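Chains as they are written, first to last, in our numbering: chain A, 1 to 535; chain B, 1001 to 1315; chain C, 2001 to 2280.
Hints are computed from structural coordinates only; laboratory data are not their basis. Please read these numbers as outputs of a predicted model, since none were measured by experiment. Possibly wrong hints are sitting among the right ones.
[To be verified] A partial selection of chain A residues facing chain B, derived with a Cβ cut-off under 7 Å:
id : residue
1  : Asp219
2  : Asn220
3  : Asn461
[Unchecked claim] Once the Cα atoms are required to be at most 16 Å apart in a straight line, the calculated EDC-like pairs of lysine to aspartate or glutamate come out as:
id : chain 1 : residue 1 : chain 2 : residue 2
4  : A       : Lys308    : A       : Asp490
5  : A       : Lys378    : A       : Glu410
6  : A       : Lys399    : C       : Glu2052
7  : A       : Lys125    : A       : Glu195
8  : A       : Lys217    : B       : Glu1174
9  : A       : Lys130    : B       : Glu1049
10 : B       : Lys1162   : A       : Glu278
Where a beta carbon is used, it is the ideal one built from N, C-alpha and C, also for glycine.
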Amino acid sequence: MRPNRVISVLVLLFLVFGLSKAHAQQGEAVLRYPISSDPEHLNPFTATTIATSTVLNSIYEGLFTLNRATGEVVPHLAERYEISEDKLTYTFYLRKGVLFHAVEGVKYESDDREFKTDDWLWAAKLSLSKDESISAHPEWMESVVGAADFKEGKTTEIEGVKIIDDHTFELRLTAPNRLFLHTLGVPAVSREAYEQLGPDFATHPVGTGPFMFTEWKRDNYLLITANPDYWREGYPKSSGVRFINIPDANTAALQYRQNELDFLFGFPTGQRTALVGEFSAEYREMPGLNVRYFGFKMDKGFFVEHPKVRQAFSHAFNRSLVWDDLMEGARFPALKGVLPPLMPASDPAIKYDYNLERAAELLKEAGFPEGEGMPPIKLFVFASAKDELSFPVLQDDLKKLGVELEIVVEDNTTYWDHVGTEEVLFFLSGWSAGQQDPADVFNFLFLDGRDDTKYNNPKVNDLLRAALSEFDPAARERIYQETHELIMADAPWIVSAYSKVAWLQKPWIGNFEPGGGGTYTADLAAVEIDTSKRP
Amino acid sequence: MSRYLGRRLLQFIPTAFGILTVLFILTYLMPSDPLRAVLGEQYRRLPPEVVEGIREELGLNQPFLSQYLGYVGRLLRFDLGRSYILEQKVIDIIGYRLPHTFQLMLGGLLVGGVIGIGSGIAASLRPGRWLDHLLTGLALVGASIPVFWLALVLQLVLTQDKYGAALFPVAGYESGSIRHLALPSLVLGLNLASGLSRVSRAAMIEARSRDYNLTARMKGLRSRAIIQRHQLRNALIPILTVLSLDMGYLLGGSVVTETIFNWPGLGRALIPAIDRRDTPVIMGILIFGAVLFMLINLVVDVLYGIIDPRIRLEK
Amino acid sequence: MTPRVAGLADSRPSRKRIFLTRPRVLVGGILIAIWLCGALLADILAPYPPLEPHYSHRLAPPDAQFLLGTDELGRDLFSRILYGSRISLTVGVVAEGIAASIGLCVGMLAGWFGGWIDDLLMRVAEVFFAIPALMFLIVWVTILESTPLLIFVGLGLISWAGLSRVMRAQVLALKSMEFVIAARSIGVSQWGIMYRHILPNAIGPVLVLIPLGIGGAILSESILSFLGLGITIPYPSWGSLVDTSRNYFTTAWWYAVFPGAAISLAVLGFSLLSEGLINP
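The following block holds chain A by itself, in its conformation from the complex:
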C-alpha cells in the first residue's frame, strides 16, 4: 500500500464519518440553555443533585411549588388544601384533568392518563422504600403517621394516609410541622412508565410537567419538548429546551458571545467585569441563598478552647476586598451574619467587621500576642473553589497578625471525606438554602451538630426545635433572631460571602425569573422566546 493511498483512504473514512448526518433546528423556538454538568440520571426518586433538578423541574411536578420571590408554598397539582385546627390533619384536593405525558412504549388502562390520588399514593409509598437504590428521599413522608412502620415493612399501608376519592385525600402528621408542605416532595410520576420501562425509566422520565423528555446525548445535550396536553393554558411558551453541556465557564462565555447560547449562567473568574461591560443590557442579578464560610471545628482541637482566636480571625478577614474588588462582585461580602440577607432574622447585632486592630487585641487576650505561641494552622479547601481568592487574602491578613496559615487544596471527594474527621480543624465550606426560611440554614447546619464544624449548642437546639412548631411568623422571627445572636457570639464560622444569582440572557428571551436558590429554579415553561430576533 502506498502512502498516498493510505492518505486517500483516511480522507474517505473521515468524510464518511463526518457527513453521515446533516443538522438543522435554527428557527425553532427551542431555548439553548447551558448546563455545567450532565444530570447523573433522571429518576426523581433517587435524584439528589442540582444537575438533575435543573432538568427534572420541567418534567415532574409536585402538589405545591414555591413562590420564588417569597419562598411560600403555592398550590400546584393540588388545587387547594385544608389544615385542621390542631395542625395535624391536611386535606388535599387534586386538580382535575392533569394528564401524564403521552409516551411511546407506555400504555395506560383504558387510555386514562389522568393523575389521581392512587398515583400519588403509589409514588409516596415508593419514596419510603427501604432500598436506597429505589428511593433516596424517605424525608418526603417522614412526618406522616405510620411512615416509619411502613418503611420497616411492618405494615402494607401508611396509617396516616386516607384516600377519600380520585381527587381527594388526607394526611395525618405525628406532630405539628410548619415546614411539612415544603418537605412533601412526592412528585406526580407515571406508575405505568415506572413499571413498563423498567431500568430505562431512570433515563426516560414520564411526568405531568410542561415539557416532555425527548432525547439525551450524554455530555452533549438533553432535549425536552413542549407537552401538548399541559394543564396550564398557554404554557409552555417555548417549543422546547435544549440543555447543552458545557462544563467550563470560559467556553460557555465564548459560545454565548457567538450566539450559540441563549443564556450564560457562570462568569469565569477574572472576566466578570469585562463580560458585564460587554453585555450590560443582557445582564441580570439578584441576591441568592447560598452562604460561604470558613468553619472551625467546634468539638475537638485547638479552636474549641480559644473562642477569642475564632473571633479574632473573623475580624481579620477583608471580605469586601475579596468579593467586591478581587472577585469583581461575584458574591456579596458577608458583612452581617450566617443567614443570607434575603431571610428574616438575617441581621444580628453581633457582627465581625474587618478590623485588624481589634483582631490583634483579641489575639492578645487569648494569650497569643502577635501570633506568638500559635500552633501551625491548616486551612482545607476543596479543588472546585481553587479560583476563589478568599483564602489567599485570609492568609495574607492573618500574616499581618503574625499567624502563619497553610492552605491545603484537596480534590472535592478527598475534601468531603476528610472534612468530617478530626484532622481538619479549619476549612472552607458553603451551604445552599432552598428557600427564604432560616430553618433551611439553621436546621441543616446548627441543629444537633450536623455541620462539619460539629457546632452543638443545647440552647440553640432548643430554640430551633421550638421554632419548628411556631406557626406565627413574627414570633418565629424573634426565636430565629435570638438563635442567630447566640451563634454569632460563639463564632463557629468566619462568614465569607452570600451568593449573587447573576446571568446573561439574550435580548430575544423574556420572562426568565429564577429565585434566590439559583438560576435552575426558574420556571422554564414561562420563558418566552422571539425567534424572529434570534440570528
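Chain A is fixed; fit chains B and C onto it per the hints.
Chains B and C alone, transformed into the frame defined by chain A:
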C-alpha cells in the same frame, strides 16, 4: 505469517492481564465514596442512613481479593459492570463515546499525517538548506508547546469574531458536522505533526542513501517517481512505528482536547468519573484504552510484515 | 508523547567539542543553563516574594516595576515564574531520573539474563507501555493526592518502558562481543561484567534520550496542572500558573503568555539538547 500472528496473540494475554491487575490495584486504592463526591456540600441534606445504605449496596465494604476476583470473573464474560452513579452499563458508556473519540483520532491523524509527513518530506529534499532548517525548527517548537495552551489560543482566534475570525463553532459535538470536528482535529494534528515531521525527514534521508536509488536512476526513473515508489515505501516503517505510538498519545491526549472542546468522547468521561469516584467507569475506560492501544500495535506489527516480508522471518 | 528514537551514538566526539560543533546542543544547553540559574538563584533574582500580594496593582501589564506584569492578586509574575521553575525543573529531572533508573535496570537484566527473566520483564514493560500515560497519571494523582514526590514517582513509573527497550537492545548487542566473552572466561563475576563492561558501553544511547524525557515530564506535569491536578505547594508550578491564567486569557494577555512561554522554552531547550546529541 500465521505463526507469527499466533505468537503475538499469545503474548497479548499475559500483558492484558498485567494491565488489568495494575489498574485494579490503582482504582481499588482510590478513596471512594461516590455519593459524597456527587453531592458535595448538599450531602448534608440526605439522611445519614441513606448515605450508609448506598455504600453497602455498592459492595465497597468487601475485601480486596473478593472484589478483584469478582471483577476478573465478570470481565471474562465481557461484563464491565454498571456505573455507580449514572444508571448505565459501562459497556454502553464506552460504546456511545468510542465513535466520537475515533472521529477525533482520525481527524487528528489526517491533519497530523498530511502536515507532518508532508513537511518531513519537503525538509528532506534538500537537507541543510533554509527550508529544512525552518521546518525542523518549527517542528521542534511545535513539540514544546503544551497542547492545551495551543488549543486555548486557537479556540480564541478561530472561533471569536472579537479576537479573530469565527471560522468554527466554539465547542461541542454535532453528528455529521465537519465544522465541529475541524478545530479539535487541528489541535491534535498539529501536536502530532511535529513528531511525524522529524521522523519522516530522517527516514527519507536514510532511505535516499540506499543503493536502490542508484539502481532506480539507472533504470531511468524520474526523481519524482523514485521518491514515490522507492523511498517512501522504505521510509514507511519508521513512520508507521511512530504513528502507532502516537495512537496511545491520541487516546490519552483526547482527555485534554475533548475537555476543552466539549467533545463527548472517552477521555471526557474520565475526569467526571474520577471526580465521582465511579470506579467501574474508570476501570472500563482505562482497560479499554490500553487494550485498544495494544491492538493497534498488533495491527501495525502485522502491517510491517506486509510492507516488508523480511520482518516476518526475524526473531 | 514525544517519540523516542533509538539512535546509536556510534561516533563520540570529545565532550568539549560537542558544544561547539553542534549548534542545537549549544542553544539547548544555554536555554537549560538559563533556567537552572533562574531556579537556583530565584531567592536573589526575584524582585518580590512569589506569594506577596499587591492588591492595588492587580493584573498590571508588564512595566518597569513588574517586569512581566502581575497576576490576579497583584503578585509579581516574573518572581512566580522563577520560583515555579524550581518545581517544574525538579519534576522533569526527578521523574526522568526515576524512569531512567528503572529503565536501565530492567533493560540490563532482561538483556543480560535472557530466557524467562527477559520474557517476564518485557511483558511488564509492555504493560506499562500500553497503559495510556495521561489517563494513568490522572488516576494516580487522584488516589495519592498531588504531593510533588508522588507526581515524580507516577511520571517515572509510566515512562520507563521505552528506555528499558533501548537498553535491552544495547545489552543484547554487547553480550556477544569479544571483550565480554573474554572477561567471562577469566572468571569475572556476572555482576562485575554488567557493572564494569556492559553498563558504560550501553548507557550512551539511553543517556541522550534523557533530556527529551525531562521535557516530556515537564509537559505532562503541565497537562495535569491544566486538569487541576498539578503541584501548587509551596508555590505553583508553571503548569498551575497556566491553569489559573486560563481565566485571564482575554483580559490579561501577559498572564496567559509568559508561563506558557516558560514551559515551551524549557522543553525546547531539553529537546534541542537531545536532538543535537542523537543526530550529529
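Identify every previously stated hint that the structure contradicts and give their numbers, smallest first.
3
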